[in-house]
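Peer 1: One-letter residues, chain by chain:
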Amino acid sequence: MARRTLPILKQLLHSSRGSSSDHLIARLGLSCLESKRTVTYMPRPGDGAPRAVTLVPGDGIGPLVTGAVEQVMEAMHAPVYFERYEVHGDMTKVPQEVIDSIRKNKVCLKGGLATPVGGGVSSLNVQLRKELDLYASLVNCFNLPGLPTRHENVDIVVIRENTEGEYSGLEHEVVPGVVESLKVITKFCSERIAKYAFEYAYLNNRKKVTAVHKANIMKLADGLFLESCREVATKYPGIKYNEIIVDNCCMQLVSKPEQFDVMVTPNLYGNLVANTAAGIAGGTGVMPGGNVGADHAIFEQGASAGNVGNEKLVQQKKANPVALLLSSAMMLRHLQFPSFADRLETAVKRVISEEKYRTKDLGGGSTTQEVVDAVIANLD
Amino acid sequence: MASQILRRVLRSRSVEQISTALIESPNSIGFISSPVRTISTSASSTQPIRATLFPGDGIGPEIADSVKQVFNAAEVPIEWEEHFVGDKVDPRTESFLTWESLESVRRNRVGLKGPMATPIGKGHRSLNLTLRKELGLYANVRPCYSLPGYRTRYDDVNLVTIRENTEGEYSGLEHQVVRGVVESLKIITRQASLRVAEYAFHYAKTHGRQKVSAIHKANIMRKTDGLFLKCCREVAEKYPEITYEEVIIDNCCMMLVKNPTLFDVLVMPNLYGDIISDLCAGLIGGLGLTPSCNIGEGGIALAEAVHGSAPDIAGKNLANPTALLLSSVAMLRHLELHDKADQIHDAILKTIADGKYRTVDLGGTSSTTDFTKAVCNNL
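Residue numbers (this note's numbering), protein chains in the order written: chain A, 1 to 380; chain B, 1001 to 1379.
It is worth saying that the hints were derived from the structure and are not from the lab. Among the clues, some could well be false.
Computed list of lysine to aspartate or glutamate pairs in EDC-like fashion (alpha-carbon distance at most 16 Å, straight line) [unchecked claim]:
{"id": "1", "chain 1": "A", "residue 1": "187", "chain 2": "B", "residue 2": "1100"}
{"id": "2", "chain 1": "A", "residue 1": "219", "chain 2": "B", "residue 2": "1174"}
{"id": "3", "chain 1": "B", "residue 1": "1223", "chain 2": "A", "residue 2": "171"}
{"id": "4", "chain 1": "A", "residue 1": "106", "chain 2": "A", "residue 2": "133"}
{"id": "5", "chain 1": "B", "residue 1": "1230", "chain 2": "A", "residue 2": "370"}
{"id": "6", "chain 1": "B", "residue 1": "1223", "chain 2": "A", "residue 2": "173"}
Whole structure, please, built from the sequences with the hints as guidance.
Peer 2: Spelled out as structure tokens, the structure:
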């Protein structure tokens, strides 16, 4: 019936108003088409019971954007409820109750935690990841329709080893004026991150996995990482595998990013590559991501640069909630609520493509609340 | 024409005096060690400055010729001493670079190096490593600016990356602790960090740059990058007219790809420097257009072209000499021959901007010699 009424509706609306009708038509058209989506996900009885999710607002713009997510979840009547816990970057360690809550709920949504530079407290983000053994960090960088950037056709997933490598935190002063830092690479961790990367590519129909390394200089350390990747690659003959040195990789990302698909990297290079890829595809304000381990998952803004924002953004309430909204969509899929996730993503993408409600980092001037309201209005 | 006759007379005389102190003949590659050539400088009265030239392998000799032609046409008072990489390992340097070559650079204090292909095998050090260790090259300077006329996605890049070249993550100290566990040491010393920070601020001052940014990851690697930052801060206090800021590296990567105009001079430790300088090279069009200069102890400057030796187009007159030409301009600036440097620099930019003579990698059809002639004409 929708197929027949659509052209009639279009005609009716065309004859009435001017350009605002195009928007209306587009939205009607889209929603008509989407309601024809066949439902293939068959839940088990009782899957619809509300799930508890730990919520850590964090510092800076964190409370602003997590508030945005809470509002949208309410509006969608999604079967999740949040347990809030306050954690701030200047605490010495993450409170035990927060960790217990995450262990119980298995899923957490987190704003950014500021890390003081140059001494004092060790990063709480890193602490959380090590405690809960969240060994894979995933950032999905893609071009959003309607958001012009210098590069097109970007769709990169960066999977980064999250527990060892350069971030082992093992440093000491040998003699005054000489400091050593240990970079540790183990076969166990390299193997499991490689397995996760290939499994992700397999389950999401991705065609190519690229390993990023610097084995021409760090022959043993990155050599071990590469060996593990190569071993796992032989078990997935349908997925192409290649290797690229990290400095060449950054150069290629800036000139030809369409050649990359899934990238698997050790800890430090992953940080750089993920932030570069996020930068070329639209900025850290829009890239979703998460950290996942065998038992738990924490979802947060994808690229870590600037995810605490700065003072001005907090005061003017102009932080970009898109990244955390898309991450919460990833979380909904992880919790096996795919249709809620789809609705949320469609609404967010529509708001971005309409260009009316955009925060400052995307070239607009709206506040966080305006974007949230627009997303809620676009939910169907 | 008079200069050509003079050159021939001098050459015939020096042929009899080929110093045996020059290289043990590297015959198999086909390069003949050439006698010292003098460029007649009938116009200028300054004493010619001697500089070592390593043409290198592959396309190296062609682009080195380019540089010599352009310098001739611009009447730059430089006298080249050419040295080639041998095919026998010199026991004094444990590599294919001979002791004489290194002595020549130490004596002349300036050099220009083309691309060198390190032969695969054991029992010798890599050529770049030899140069770095023997000459104490502690800072790698790469000026990255958009070339007008060659459009990339980024048109307003104008920054300089200065990278510490001796320690950091590339110390090469790795070992296997137990089976399946490998450790690699990253070393940061106060001395090396101070040295490179001093050079960075000195460079900023002499080249009229306003801002120096130190790139680090001190929120995670607190002691090592913390020491690097402390040294940079100390040096910054001595140069109050230059703005100093510190940027975390992931933030820096993101800002570079979104808005490269935010940066002016970047100073960083070894690994980050490697990645960021290649990223910046990618922003302006690749390694074929990027100049680079290595600064060593005692004011030694070795400018080099960082691209590969491209053996597949060697000898076909297709190579792009821009990187080596721009590196030679950097070398001239180091020698404070600013007017000549500006002259050649402008000629190169004009040739590329005109678009008529472009080599194949820039999308044109000219040969190396055509491009060189165009640059000489534009002087």
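Peer 1: Against this structure, judge whether each hint is valid.
Peer 2: For each hint, the structure was consulted:
1. This hinted pair does not check out: residue 187 of chain A and residue 1100 of chain B have alpha carbons roughly 45 Å apart, beyond 16 Å.
2. About 8 Å separates the Cα atoms of residue 219 of chain A and residue 1174 of chain B, which keeps this hinted pair within 16 Å; it holds.
3. For the given pair, residue 1223 of chain B sits about 7 Å from residue 171 of chain A by alpha-carbon distance, which is consistent with the 16 Å threshold.
4. Under the criterion of a C-alpha separation no larger than 16 Å, the hint pairing residue 106 of chain A with residue 133 of chain A is consistent with the structure, at around 12 Å.
5. In summary, the hint linking residue 1230 of chain B to residue 370 of chain A is not supported, as the alpha carbons are separated by about 43 Å, beyond the 16 Å threshold.
6. Under the criterion of a C-alpha separation no larger than 16 Å, the hint pairing residue 1223 of chain B with residue 173 of chain A is consistent with the structure, at around 8 Å.
The structure does not agree with the numbered hints 1 and 5 stated previously, though it agrees with the rest.
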